[in-house]
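Participant: Assemble chain B onto chain A, guided by the hints.
For the protein sequence lines, the chains are A and B, in the order given. Heads up, the first sequence is in numbering that gives the first Met the number 0, so the first residue is 0 and it goes up one at a time. Heads up, the second sequence is in numbering that gives the first Met the number 0, so the first residue is 0 and it goes up one at a time.
A couple of the hints might just be wrong.
Cross-link-like lysine-lysine pairs, in silico, DSS-like; alpha carbons within 27 Å at most [as the list claims (entries may be wrong)]:
(1) Lys84/A - Lys43/B
(2) Lys150/A - Lys84/A
(3) Lys63/A - Lys84/A
(4) Lys3/A - Lys42/B
(5) Lys71/A - Lys104/A
(6) Lys110/A - Lys82/A
Simulated restraints on C-beta separations [to be verified]:
(7) Cys115/A - Gln40/B: 53 to 61 Å
(8) Asp90/A - Thr21/B: 41 to 49 Å
(9) Pro3/B - Ala109/A: 39 to 47 Å
(10) Asn16/B - Tyr124/A: 27 to 35 Å
Quick caveat, the hints were computed from the structure, so don't treat them as lab data. Yeah, the Cβ is synthetic: ideal placement off N, Cα and C, and Gly gets one too.
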Amino acid sequence: MANKSVWSDNRFWQRSATWVTGFASLLLIWLTLDTSAQIQMGTDADLKNGVQKRVPGPTVINYKITYEMSAKRGHEVPVIGEKEKFFGRDDYSEEEAGALLHLGKLGSQAKNCMDCHTLLGNGAYYAPDLTKAWLDPAWGPDGAMQALTGKNTKEEAMAEFLQHPDQYATHARMMPNLGITAEEAKGLVAFLKHMSSIDTNGFPRNFGRMQGAVNGK
Amino acid sequence: MFEPFTDVVPSFFGMLNQGPLTLTIFLHSVIVLPMVWIYFQEKKRLENEN
Chain A
0 MANKSVWSDN
10 RFWQRSATWV
20 TGFASLLLIW
30 LTLDTSAQIQ
40 MGTDADLKNG
50 VQKRVPGPTV
60 INYKITYEMS
70 AKRGHEVPVI
80 GEKEKFFGRD
90 DYSEEEAGAL
100 LHLGKLGSQA
110 KNCMDCHTLL
120 GNGAYYAPDL
130 TKAWLDPAWG
140 PDGAMQALTG
150 KNTKEEAMAE
160 FLQHPDQYAT
170 HARMMPNLGI
180 TAEEAKGLVA
190 FLKHMSSIDT
200 NGFPRNFGRM
210 QGAVNGK
Chain B
0 MFEPFTDVVP
10 SFFGMLNQGP
20 LTLTIFLHSV
30 IVLPMVWIYF
40 QEKKRLENEN
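Bound conformation, chain B alone:
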């Protein structure tokens, strides 16, 4: 699962890109997880309004 880091110039994105789909999975998580959080916040707000 964890491959040795092989890029010439080390970088944060290089670190995340050391296996298949690892960068994609990370970026999607970073985008989708806060949306889950927003979803539950809004749900709570709607319930309180009622």
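With the rest of the complex left out, here is chain A:
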């Protein structure tokens, strides 16, 4: 057959399809491995040596976390600063902190936080996103929640609220009492504190900052 066009040639399409499918498959596998490396949790040693990780180790609950504008990256980033007491202690070991986070994670699943809230952008849109809830000024020294719950620290105020959310009407969409125990509440607050230290490339954008907290101090 004279002058058969390549475009109507079966082999051209077969080879193209093989190439595109094969390349895309390899690319997806590579991206999966790349992502796994990116979201690998850091260790206590990383925190002590100032090694930055997207997901810091569990002992990050021993440190003060602030959320600051990074001119270089063009969005806000969590900054892990100096030591800060969490429920009266700043010397949680990797195992203790890990166990606390684990309890909080299981608690968040058991009480189904995502039924109303979003965590790291996943979940429902009925209640506020909890990704940076730990950094919400409402819980800070100038916020209303410490006075409302009669507690002197952010973590105690949060734990108190979580145990009796129905007693503190903060919003038209009031949080129901989910029967969270004191220990579970402590785990949940640790879980929230750790989550706020995760580098989410600036998500959520334009999140309100704690007043006066700069450079992790």
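Facilitator: The following block gives chain B in isolation, referenced to the frame of chain A:
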């Protein structure tokens, strides 16, 4: 055109994603250019068959 690398954890894809559309342009090039090569190979084969 070339921005300083700002990702927390350096990676190959992070490097390619430091400007608007840079990753997209790279991946499309990698997919389309071999197709151009396949096109000319097949064209040559068809001509030889005639």
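Participant: State for each hint whether it applies.
Facilitator: Verification of the hints:
At most 27 Å may separate the alpha-carbon atoms for a hinted pair to count; Lys84/A and Lys43/B exceed this at roughly 74 Å. Distance restraint check for Lys150/A and Lys84/A: the Cα-Cα separation of roughly 15 Å lies within the 27 Å cut-off, and the hinted pair is therefore satisfied. The suggested pairing of Lys63/A with Lys84/A holds, with an alpha-carbon distance near 8 Å, which does not exceed 27 Å. With a C-alpha separation of about 9 Å, the suggested pair Lys3/A and Lys42/B falls inside the 27 Å cut-off, and the hint holds.
Note on Lys71/A and Lys104/A: the hinted pairing is violated, with a Cα-Cα distance of about 33 Å set against a maximum of 27 Å. Under the criterion of a C-alpha separation no larger than 27 Å, the hint pairing Lys110/A with Lys82/A is inconsistent with the structure, at around 30 Å. In this structure the supplied range 53 to 61 Å holds for Cys115/A paired with Gln40/B, their Cβ-Cβ distance being about 58 Å. At roughly 45 Å, the beta-carbon separation of Asp90/A and Thr21/B lies within the given 41 to 49 Å, and the hint holds.
Restraint check, Pro3/B to Ala109/A: a C-beta distance of roughly 44 Å satisfies the suggested window 39 to 47 Å. At roughly 28 Å, the beta-carbon separation of Asn16/B and Tyr124/A lies within the given 27 to 35 Å, and the hint holds.
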